[in-house]
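Participant: Assemble the whole structure, with the sequences as input and the hints as a guide.
Protein chains: 2
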Amino acid sequence: MAVYTDVAEEELTEFLRNYDIGKHLSYKGIAEGVENSNFLLHTTTGYFFLTLYEKRVAVSDLPFFLGLMTHLASHGITCPQPVKTRRGEALGTLAGRPAAIIGFLEGAWPRKPRVVHCVAVGRALAKLHLAGQDFPMKRVNTLSVLGWRPLFDMIASRVDTLQHGLHALLSEELDHLEKFWPKHLPDGVIHADLFPDNVLFLRNRLSGLIDFYFACNDILAYDVAICLNAWCFENDHSFNVTKARALLNAYSHERKLSADEQEALPLLARGAAMRFLLTRLVDSLNVRPGSLVRPKDPLEYVRRLRFQQGVASIRDYGVEQSGLVA
Amino acid sequence: MAVYTDVAEEELTEFLRNYDIGKHLSYKGIAEGVENSNFLLHTTTGYFFLTLYEKRVAVSDLPFFLGLMTHLASHGITCPQPVKTRRGEALGTLAGRPAAIIGFLEGAWPRKPRVVHCVAVGRALAKLHLAGQDFPMKRVNTLSVLGWRPLFDMIASRVDTLQHGLHALLSEELDHLEKFWPKHLPDGVIHADLFPDNVLFLRNRLSGLIDFYFACNDILAYDVAICLNAWCFENDHSFNVTKARALLNAYSHERKLSADEQEALPLLARGAAMRFLLTRLVDSLNVRPGSLVRPKDPLEYVRRLRFQQGVASIRDYGVEQSGLVA
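In order, the protein sequences belong to chains E and G. All letters in the first sequence, in the order written, are residues 1 to 326 by this note's numbering. All letters in the second sequence, in the order written, are residues 1 to 326 by this note's numbering.
Hints were generated in silico from the structure; no laboratory data involved. Any given hint might turn out to be false.
Identical chains share a label here; the pair holds if one copy fits it or two copies do between them.
[Stated by the list, open to error] Straight-line Cα separation of at most 20 Å, DMTMM-like style, residue types lysine to aspartate or glutamate; simulated pairs: (1) LYS127 x ASP187; (2) LYS256 x ASP283; (3) LYS112 x GLU9; (4) LYS296 x GLU172; (5) LYS179 x GLU10; (6) LYS127 x GLU89; (7) LYS112 x GLU11.
As the structure is a prediction and not an experimental result, all values here were calculated from the model.
Facilitator: So, in structure tokens, the structure goes:
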């Protein structure tokens, strides 16, 4: 839900003079993308997205995000493509904000993900990891293990108002994660937020990956762990082993997981649950009256964290280690 | 800002089988339209709006709204056109809601209305009133003078928390409006909500009127009064006489205002200010945490009401009575 910055027609006309995509016919605010202001832009040459980057996105990170999208597309990953200005720039300024025009991508995100979607996501994630290997830019993951304690400190005194015992759970889990977080697993470019609403499908075929605004360099298998949490739990909070197996097998079909990666996966999944639990808690406890963003329920990630704490090995995800080993 | 009801791809596929507009390629929630859930729908044959009517819209009123849009278009008014199913129906059911597919309209609403926009709106409003004369269906305006006291009663005990003296202002104004509200002015179909965000322009030319979900039968000049409040005040709350004159002259060029209508206009404008002040107060005082709708500021309509209370005659709107008389 997001249009934080509105755009006057005169400003848009002026902005479009830098591009070779014709004159605007209409632009409408889009209720997708929590971090930025998004408009659907129709010009005399076609349909585009117009994105104004809001303050939660650091301007200095934008070249990484936009460059990555261009790089991935040139490696066969379907993702939104920044339209360059006549001078070859992917980024401009509109209504006082950094702004970009992005190509329109067909498809709809799956409201009720099924096994067929998990297969496609596993495969696409592995391909993204492979395609990212020779991307030259770097971006540190500020929301990885070292970023979690500062988030916890922001809300530590208030979390027990949401659920009794939450402070102790988070505190002990943080100690554990900081102590055992793996240091030598294969790393590279990860999407870091590949939830169902960031994967488009067209009649059960994956048609694109979107929203690269958390992408960064981190442990590749951590991205897999994020997807296990995001795609394999049912609405009743049960873990669907069939979906997990499908996702992991599809991933390893494209990029084999090493024995170390497989062993670390349950811990990485605990970390992934912690990361989204913490940011949701911060959003939920800091929501301002009149905010246009409905905070996502943090407590569903308490359940996911507890589930992952109980996972002994990737057998609990429905796969035999031998089946995935390189 | 509105997507209250989400739609799964399977449901949409099924729904589109009733229509002759091809298969969907994408659908995205649109952040426009406060009352309903709106999606931009791209199919193999073009772009459309998909609207799911939420509970604030009475299902029994939908045939009036959809029928009116079709009627107006056949009389040369550019407005969104309901797409009929193969069986000739404008209305269906999707995700448990009444739903319609509406043709896409080009243009963008003016964020900073200028005189040229006021001229176009005045002219379009008069044409709408003329075109509505032979529309056979009727809809009572539940938000006209008789509907205001029940709204006031909902919030009377709390309004002084927003602004000291507001209770007395509203109470005395209601008495005045109920006593002097005109009974014998020309009536017909009015838009009743023709604010800048409901009028689309393409490079300073009006390209369409949208959002007919408050349309009803009422005093035609009351619709003019709504527009005076909606289009002729500046951000600093000053009244722009040039814009008012432009709007009124353009209107009367298409449909002359009778002497009675002209005389009543200041009172109608007080009523129009009261109507939007009351609904904004109700929305503002009843907003729920987590709501996706940011209530519009009610207090700007206190200022408009006070301005209109001070208007002696339409000369204060910048026009000579003789210039408008039939």
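Participant: All hints are to be evaluated individually against the structure, with a verdict given for each.
Facilitator: Going down the list of hints, with the structure as the test:
{"no.": "1", "hint": "LYS127 x ASP187", "verdict": "within (14 Å within a copy, 65 Å between copies)"}
{"no.": "2", "hint": "LYS256 x ASP283", "verdict": "neither (36 Å within a copy, 55 Å between copies)"}
{"no.": "3", "hint": "LYS112 x GLU9", "verdict": "between (38 Å within a copy, 9 Å between copies)"}
{"no.": "4", "hint": "LYS296 x GLU172", "verdict": "neither (24 Å within a copy, 45 Å between copies)"}
{"no.": "5", "hint": "LYS179 x GLU10", "verdict": "neither (55 Å within a copy, 45 Å between copies)"}
{"no.": "6", "hint": "LYS127 x GLU89", "verdict": "neither (27 Å within a copy, 46 Å between copies)"}
{"no.": "7", "hint": "LYS112 x GLU11", "verdict": "between (39 Å within a copy, 11 Å between copies)"}
Hint compliance for this structure: hints 2, 4, 5, 6 are broken, all remaining hints hold.
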